[in-house]
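Asker: Build out the structure end to end from the sequences listed, making use of the hints.
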Amino acid sequence: MLRFQDCHAGSCTFRSKASVKKATSNASTDAVQVEFESASTQTAVAVENGSQTEYISRDSSTTHPPDEVSPAVQAFLNSAGNCMLREMKHANKSSAFLEFEPEQDADDKHVSKVFTLTFDFFTHFKQPIDAKKPSARLKLECTGVSWNATGSVLAVAYGRFDHSGWCNYRSVLCLWNLFSADFNANKPTLVLETSSGLMCVAHHPTNPAVVAAGSFNGELMVWNTSLEEPLVATSGIGDYFHREPITK
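Position one of the sequence shown corresponds to residue 1 (the numbering used here), numbered consecutively onward.
Keep in mind the hints are simulated off the structure, nothing from the lab.
All figures in this text were calculated on a predicted structure; none of them were measured in a lab.
Backbone N, C-alpha and C fix where the C-beta goes; we use that ideal spot for every residue, glycine too.
Do not take every clue at face value.
[As the list claims (entries may be wrong)] Label pairs and their computed distance ranges (CB to CB):
no., residue 1, residue 2, range
1, Asn184, Ser164, 32 to 40 Å
2, Glu244, Glu35, 53 to 61 Å
3, Ser94, Asn224, 40 to 48 Å
[Claimed, not checked] In silico DSBU-like cross-links for lysine-lysine, where the CA-CA straight-line distance does not exceed 35 Å:
no., residue 1, residue 2
4, Lys113, Lys248
5, Lys248, Lys126
6, Lys248, Lys139
7, Lys139, Lys113
Answerer: Here is the structure:
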């Protein structure tokens, strides 16, 4: 049977022998001076120029193969070519534009200012508790105008162009009926409130009562001023909806 036990072996010590000191010496060096100089320059003035290519007729000696016309295009040209030529000849003989004169620069000598339309935001949006100090968020400006189909109503959108991020202030779309008996330049005929600033407005091309406006938050709103509840359609706001400013 094997047995294991601790065993203490002997030990010995010895001193290291001092090494011979090596000889040393000091030396220095200096780099050669590098000469350099600074100079400035400026880009040359750029000049834009344009040119136009002229039509080059292809003769029989050209190496490029002729353009191939598909059968469908050839069939269309055969069917519509005579009609196009006939209409072009008819247009040359037409007298519809004989007295037409292109409009020159607008002459403002006979133009005069009749009204200055204004809207008091502070009075319309004033807070019932503290109405002495107007809020900075009510400093709106005109962002778009649009005449209706009959030319009697002017729609003015209000918002701001100098902010970014999310729009958290209220705004309005004001409509003035200039031919109304109770027309007041300082009081709109109809005020349509919105939850955010408006960036553009446009009337319907044929229906004078329909007007649409786009907001900074990406909402598109449509009103019909002939109805008791003017707002007839609006786009939503959410993660899956358009949230970029509608500018036109």
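Asker: A separate judgement is required for each hint: does it hold in the structure or not?
Answerer: Outcome of the hint check:
Under the hint 32 to 40 Å, the C-beta atoms of asparagine 184 and serine 164, about 35 Å apart, fit the expected range. Checking the proposed 53 to 61 Å range against glutamate 244 and glutamate 35 shows it holds: the Cβ atoms sit about 59 Å from each other. The given range of 40 to 48 Å is respected by serine 94 and asparagine 224, whose C-beta atoms sit roughly 41 Å from each other. In summary, the hint linking lysine 113 to lysine 248 is supported, as the alpha carbons are separated by about 27 Å, within the 35 Å threshold.
For the given pair, lysine 248 sits about 30 Å from lysine 126 by alpha-carbon distance, which is consistent with the 35 Å threshold. Proposed proximity of lysine 248 and lysine 139 is supported: the alpha carbons are some 22 Å apart, at most 35 Å. Restraint check for lysine 139 and lysine 113: the C-alpha separation of about 24 Å stays at or below 35 Å, so the hint holds.
Of the numbered hints stated above, none is contradicted by the structure.
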